[in-house]
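Asks: One letter stands for each residue in the lines below.
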Amino acid sequence: MSTKTDVMQGTLGLMVLKTLETMGPLHGYGIARRLEQISGNLLSVNYGTIYAALLKLEQEGCISSEWGVSDNNRKAKYYKLTRAGRKQLQESAREWEQTKYILERFLTLGEESS
Amino acid sequence: MRTLRAWIVRLCSLFKRKQLDYEFGEEIACHLAMHIEDNLRAGMSPEEARRNALIKFGGVDNIFEEHRDRRGFRWLAELQRDLCYAARILWKQKALSLIVIGILAFASAANTAVFSVYNFLCIRSFPYPHSERLVYVGTSGGYGGYDSESHHRYREENRIFEAFGSYNPDYRNYSRKGEARTTSILLVTYDFASVFQYQPALGRGFLEKEEGPGEPKVVMLTHSFWQREFGGSVSALGETLKT
Numbered sequence: 005m006s007t008k009t010d011v012m013q014g015t016l017g018l019m020v021l022k023t024l025e026t027m028g029p030l031h032g033y034g035i036a037r038r039l040e041q042i043s044g045n046l047l048s049v050n051y052g053t054i055y056a057a058l059l060k061l062e063q064e065g066c067i068s069s070e071w072g073v074s075d076n077n078r079k080a081k082y083y084k085l086t087r088a089g090r091k092q093l094q095e096s097a098r099e100w101e102q103t104k105y106i107l108e109r110f111l112t113l114g115e116e117s118s
Numbered sequence: 016m017r018t019l020r021a022w023i024v025r026l027c028s029l030f031k032r033k034q035l036d037y038e039f040g041e042e043i044a045c046h047l048a049m050h051i052e053d054n055l056r057a058g059m060s061p062e063e064a065r066r067n068a069l070i071k072f073g074g075v076d077n078i079f080e081e082h083r084d085r086r087g088f089r090w091l092a093e094l095q096r097d098l099c100y101a102a103r104i105l106w107k108q109k110a111l112s113l114i115v116i117g118i119l120a121f122a123s124a125a126n127t128a129v130f131s132v133y134n135f136l137c138i139r140s141f142p143y144p145h146s147e148r149l150v151y152v153g154t155s156g157g158y159g160g161y162d163s164e165s166h167h168r169y170r171e172e173n174r175i176f177e178a179f180g181s182y183n184p185d186y187r188n189y190s191r192k193g194e195a196r197t198t199s200i201l202l203v204t205y206d207f208a209s210v211f212q213y214q215p216a217l218g219r220g221f222l223e224k225e226e227g228p229g230e231p232k233v234v235m236l237t238h239s240f241w242q243r244e245f246g247g248s249v250s251a252l253g254e255t256l257k258t
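Here the protein sequences line up with chains L and D, keeping their order.
This note's numbering applies: residue 5 is where the first sequence begins, and numbers increase by one.
This note's numbering applies: residue 16 is where the second sequence begins, and numbers increase by one.
It is worth saying that the hints were derived from the structure and are not from the lab.
Being a predicted model, the structure only gives us computed values, none of them experimental.
Hints may be right or wrong, so weigh each one.
Said to hold, decoys possible - Under the rule of at most 30 angstroms between Cα atoms (straight-line distance), these lysine-lysine pairs were calculated in the DSSO-like manner: (1) L:Lys84 - L:Lys104; (2) L:Lys60 - D:Lys71; (3) L:Lys81 - D:Lys31; (4) L:Lys79 - D:Lys31; (5) L:Lys22 - D:Lys71; (6) D:Lys257 - D:Lys232; (7) L:Lys60 - D:Lys31; (8) D:Lys33 - L:Lys60; (9) D:Lys31 - L:Lys84; (10) D:Lys33 - L:Lys84; (11) L:Lys22 - L:Lys79; (12) D:Lys224 - D:Lys257; (13) L:Lys81 - D:Lys71; (14) L:Lys79 - D:Lys33; (15) L:Lys91 - L:Lys60; (16) D:Lys71 - L:Lys84; (17) L:Lys81 - D:Lys33; (18) L:Lys79 - D:Lys71; (19) L:Lys104 - L:Lys22; (20) L:Lys81 - L:Lys91.
As the list claims (entries may be wrong) - What the simulated footprint calls covered on chain L by chain D, stretch by stretch (three residues with Cβ under 8 angstroms from a Cβ of chain D suffice, anywhere in the stretch; the number is not a length): (21) 21–33; (22) 70–81.
Where a beta carbon is used, it is the ideal one built from N, C-alpha and C, also for glycine.
Isolated chain L, as found in the complex (with noise of 0.2 angstroms):
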């Protein structure tokens, strides 16, 4: 499987939540490369395009932002989880995972049927 996917409109957020949620506090560019390796380079995100996700978080509370220290010792805004933002991710990955199985079993169904 060579070509990329395109991430869905909506799914970007609910990943950088996730990634927020097992890795702490984190820059835009660790999101940006952690969503890379995750998804085992099967996405193509363009770095840049984390930045709106982040931006669209941050103004309805799901995280908050801080300028701080990155391991290099150079400044990065970091952005962590909020109280809202942990729900709001249990809220999206439950949706998710029921829009899955939907899914699963309407495509098993179908291949069981033909």
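Please build the complex by placing chain D on the supplied structure of chain L, with the hints as guidance.
Replies: What follows is chain D alone, placed relative to chain L:
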């Protein structure tokens, strides 16, 4: 709730655009620096490391513009800019601006004046109950005059109006305290008052039989006449006025 919060944050961002622009610029610079560093560590040449970081980031200008749009409201920011521009131009061309503002002020004042006259004459309602149901009925030329006989006929055949009264403006000379004067009067049918649904402040309205020939004429005084000639006294009731 989250959407509302986002809207408020976006509105607030309008007032610190420069600072937020600067911050995001810094953030992008940090991002690229970190990426280039990583690329160098992975063995790329400085030139290649930089190029790769920029490509992976995806058009810096586009991302910046998109960020700015999402941060606030584009239309609001543009409106703000346009208003500032308009104000600056107006200030620069003071004389012209003053003339234009003067003309506009004059035009709207004239408009208001014309409207108030029109309102007074045509739109404003009479100070009677249900004045919107009052209509004026007249005869057009060629049918001769309108006398009491035709009024009786109209009244008899009236199926349209709730009440139907006629009036005829006229003048009369009258004398009081040995002095003769002229006053304008309105000759009316007995039901004239019922059209307007008004009651005299003192005394009574006209009776139907008072309309008949040979009956003594009855007058109803206007408030100003009553004040002037009778000093607003109750004794005016039942007095005789010679005309």
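Asks: All hints, please: hold or fail.
Replies: Now for the hints, and whether the structure bears them out:
For the proposed pair Lys84 (chain L) and Lys104 (chain L), the alpha carbon gap of about 27 angstroms is at most 30 angstroms, so the pair holds. For the hint linking Lys60 (chain L) to Lys71 (chain D), the alpha-carbon distance of about 21 angstroms falls within 30 angstroms, and the restraint holds. Between Lys81 (chain L) and Lys31 (chain D) the CA atoms are separated by roughly 18 angstroms; this keeps the pair inside 30 angstroms, and the hint holds. Between Lys79 (chain L) and Lys31 (chain D), the direct Cα distance comes to roughly 22 angstroms. Compliance with the 30 angstroms bound is thereby established for this hinted pair.
Between Lys22 (chain L) and Lys71 (chain D), the direct Cα distance comes to roughly 22 angstroms. Compliance with the 30 angstroms bound is thereby established for this hinted pair. For the hint pairing Lys257 (chain D) with Lys232 (chain D), the CA-to-CA distance comes to about 10 angstroms; that is within 30 angstroms, so the pair holds. The straight-line distance between the Cα atoms of Lys60 (chain L) and Lys31 (chain D) is roughly 17 angstroms, inside the 30 angstroms bound, and the hint therefore holds. For the hint linking Lys33 (chain D) to Lys60 (chain L), the alpha-carbon distance of about 19 angstroms falls within 30 angstroms, and the restraint holds.
Only pairs whose Cα atoms come within 30 angstroms are accepted, and Lys31 (chain D) paired with Lys84 (chain L) is accepted, the gap being roughly 23 angstroms. Between Lys33 (chain D) and Lys84 (chain L) the alpha-carbon distance is near 24 angstroms, which keeps this suggested pair within the 30 angstroms criterion. At roughly 24 angstroms between alpha-carbon atoms, Lys22 (chain L) and Lys79 (chain L) fall within 30 angstroms of each other, so this suggested pair holds. With a CA separation close to 21 angstroms, the supplied pair Lys224 (chain D) and Lys257 (chain D) stays within the 30 angstroms bound.
Of the supplied pair hints, the one linking Lys81 (chain L) and Lys71 (chain D) holds, its CA atoms being roughly 19 angstroms apart against a limit of 30 angstroms. For a cut-off of 30 angstroms, the pair hint linking Lys79 (chain L) to Lys33 (chain D) stands: about 20 angstroms separates their Cα positions. Straight-line distance between C-alpha atoms of Lys91 (chain L) and Lys60 (chain L) comes to about 16 angstroms, which keeps the hinted pair within the 30 angstroms bound. For the proposed pair Lys71 (chain D) and Lys84 (chain L), the alpha carbon gap of about 24 angstroms is at most 30 angstroms, so the pair holds.
Between the alpha carbons of Lys81 (chain L) and Lys33 (chain D) the distance comes to roughly 18 angstroms, so the proposed pair stays at or under 30 angstroms and holds. For a cut-off of 30 angstroms, the pair hint linking Lys79 (chain L) to Lys71 (chain D) stands: about 21 angstroms separates their Cα positions. About 17 angstroms separates the Cα atoms of Lys104 (chain L) and Lys22 (chain L), which keeps this hinted pair within 30 angstroms; it holds. Our distance criterion of 30 angstroms between C-alpha atoms is met by Lys81 (chain L) and Lys91 (chain L), whose separation comes to about 23 angstroms.
As drawn, the stretch 21–33 of chain L meets chain D at 3 residues by the rule of a beta-carbon pair under 8 angstroms; at three or more, the given contact holds. Using a Cβ-Cβ cut-off of 8 angstroms, 6 residues of the stretch 70–81 of chain L lie near chain D, which meets the minimum of three, so the contact claim holds.
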